Amino acid sequence: MIGTSTTAPAGVTSAVRSLLLQLAAAAALGLVVLYGVAFAESPVAHNAAHDVRHVTVKPCH
Amino acid sequence: MIFQRLIWAGLAVALAVGIVQTGVQHLQAVPIILAAEAYEDQKIEAPATFSEAAPSGHEGHAGHAMAEATEEWAPADGFERTAWTFAANVLHAFSMALLVFAVMGVALWRGTTLRALPLALVTAAAGWLAFHFWPSIGLHAEIPGMDAARLGSRQGWWTLAAVSAALACACAAGLKSPLRWLLAAALLALPYVVGAPHITADPLAGFQGEAQAVLRDLGTQFVWATTWVSLTFWLCMGVASGLAFQRWLQPALRATFGEAGKLPQTA
Chain A
1 MIGTSTTAPA
11 GVTSAVRSLL
21 LQLAAAAALG
31 LVVLYGVAFA
41 ESPVAHNAAH
51 DVRHVTVKPC
61 H
Chain B
1 MIFQRLIWAG
11 LAVALAVGIV
21 QTGVQHLQAV
31 PIILAAEAYE
41 DQKIEAPATF
51 SEAAPSGHEG
61 HAGHAMAEAT
71 EEWAPADGFE
81 RTAWTFAANV
91 LHAFSMALLV
101 FAVMGVALWR
111 GTTLRALPLA
121 LVTAAAGWLA
131 FHFWPSIGLH
141 AEIPGMDAAR
151 LGSRQGWWTL
161 AAVSAALACA
171 CAAGLKSPLR
181 WLLAAALLAL
191 PYVVGAPHIT
201 ADPLAGFQGE
211 AQAVLRDLGT
221 QFVWATTWVS
231 LTFWLCMGVA
241 SGLAFQRWLQ
251 PALRATFGEA
261 GKLPQTA
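Just so you know, the protein sequences line up as chains A and B, in that order. Counted from 1, the first sequence has number 60 at position 60 by this note's numbering; the numbering is strictly sequential. Counted from 1, the second sequence has number 194 at position 194 by this note's numbering; the numbering is strictly sequential.
Since the hints were derived computationally from the structure, they do not count as laboratory data. Since this is a predicted model, take the numbers as computed values, not measurements. Please note that the accuracy of each hint is not assured.
According to the in silico footprint, chain B covers these stretches of chain A (three or more CB under 8 Å from chain B) [as the list claims (entries may be wrong)]:
| # | stretch |
| --- | --- |
| 1 | 13-27 |
| 2 | 42-49 |
| 3 | 54-61 |
Simulated DEER-style distance windows between Cβ atoms [said to hold, decoys possible]:
| # | chain 1 | residue 1 | chain 2 | residue 2 | range |
| --- | --- | --- | --- | --- | --- |
| 4 | A | SER42 | B | THR159 | 29 to 39 Å |
| 5 | B | ARG216 | A | THR13 | 36 to 46 Å |
| 6 | B | ALA201 | A | GLY36 | 44 to 54 Å |
Ideal Cβ placement from N, Cα and C applies to all residues, glycine included.
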């Protein structure tokens with residue numbers, strides 16, 4: 001899981017870039033999930049998350 | 001793959017925060033929503049200006065009542081509704097945990113000397129500012145039944161306020177130049193220079209007499225209730241994500257990014 005790349009200078013740049021990309025991918029997923037919970041206009045999403053939208057002070061209606 | 005770890009750690013944090021949040025909300029914020037909804041059928045729908053607020057029917061200001069009127073699915077009051085609120089709370093916490101982890105990971109890469117828990121708490125404080133406080137000053141918490149400006153414009157302004165405040169925090173934390181404070185202040189000012197969308201009429205104009213007075217009081221209570229909810233949310237988020245980060249993410253990230261206080265590569 002941790003990754004087998006060594007910390008040899010030649011390998012660091014691509015290993016670091018890979019980690020940063022994965023952090024960015026996680027952040028992007030977070031934004032997509034936030035959109036679904038808090039902003040999606042689908043009536044089903046709205047009604048299911050209705051109270052959470054109000055409580056977390058998202059524009060709801 | 002650190003990505004898998006981010007997902008699992010995010011889910012663990014989300015479950016913990018979601019459980020606490022659903023409990024906190026159930027005690028003090030949800031009762032206000034339910035009390036306000038009891039008055040929704042007394043609302044006199046205003047003609048013309050407000051009708052644009054509901055272009056496709058489902059997002060009318062009467063919310064719950066409107067959903068029933070258009071026969072869209074909505075969870076039944078009681079257990080079903082609380083269960084969906086719990087699910088939404090977990091997903092909301094999951095989304096925030098992933099953003100917190102990403103910010104913490106970048107801070108680690110930039111050579112932060114903070115340990116995981118303080119770093120998580122600082123990040124959570126920035127999260128509270130960006131995702132709660134800054135947007136909420138412009139667009140106050142609303143109870144069901146209140147009229148407001150068009151949904152899309154409020155969502156757009158909310159996004160502008162949140163992104164501006166997040167960028168201001170990033171500037172203040174990440175840049176070296178002394179001008180960063182000026183830049184951060186300018187970013188914080190931006191959404192308020194643009195101005196939050198509001199209607200000129202009273203948001204409770206559709207109600208009369210006692211109902212209007214009760215709802216006005218509930219509205220004030222709700223602003224405070226949501227403030228406490230947000231503070232507990234971000235405090236729990238800071239503690240839970242700090243512990244999860246320390247246990248499941250920091251060792252793997254350190255192995256590649258290097259030790260604290262040292263930038264492994266110029267950036």
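Between B/ARG216 and A/THR13, is the Cβ distance one that fits in 36 to 46 Å?
-> Given range 36 to 46 Å: violated, Cβ gap about 60 Å.
Holds or violated: the stretch 13-27 of chain A covered by chain B, criterion of 3 or more residues with Cβ-Cβ distance under 8 Å?
-> With 11 residues closer than 8 Å to chain B, the stretch 13-27 of chain A meets the three-residue bar; holds.
Status of the given 44 to 54 Å range, CB of A/GLY36 versus CB of B/ALA201 | Violated, since B/ALA201 and A/GLY36 (Cβ atoms, about 32 Å apart) do not stay within the stated range.
8 Å C-beta criterion, at least three residues: is the stretch 54-61 of chain A covered by chain B = Held - the stretch 54-61 of chain A has 8 residues with a Cβ nearer than 8 Å to chain B, which meets the minimum of three.
Hint check for B/THR159 and A/SER42 - Cβ pair distance inside 29 to 39 Å = 18 Å, violated
Three or more residues of the stretch 42-49 of chain A near chain B by CB distance under 8 Å?
-> Result for this restraint: holds, n = 6.
Of the numbered hints stated above, those contradicted by the structure are hints 4, 5 and 6, listed in ascending order.
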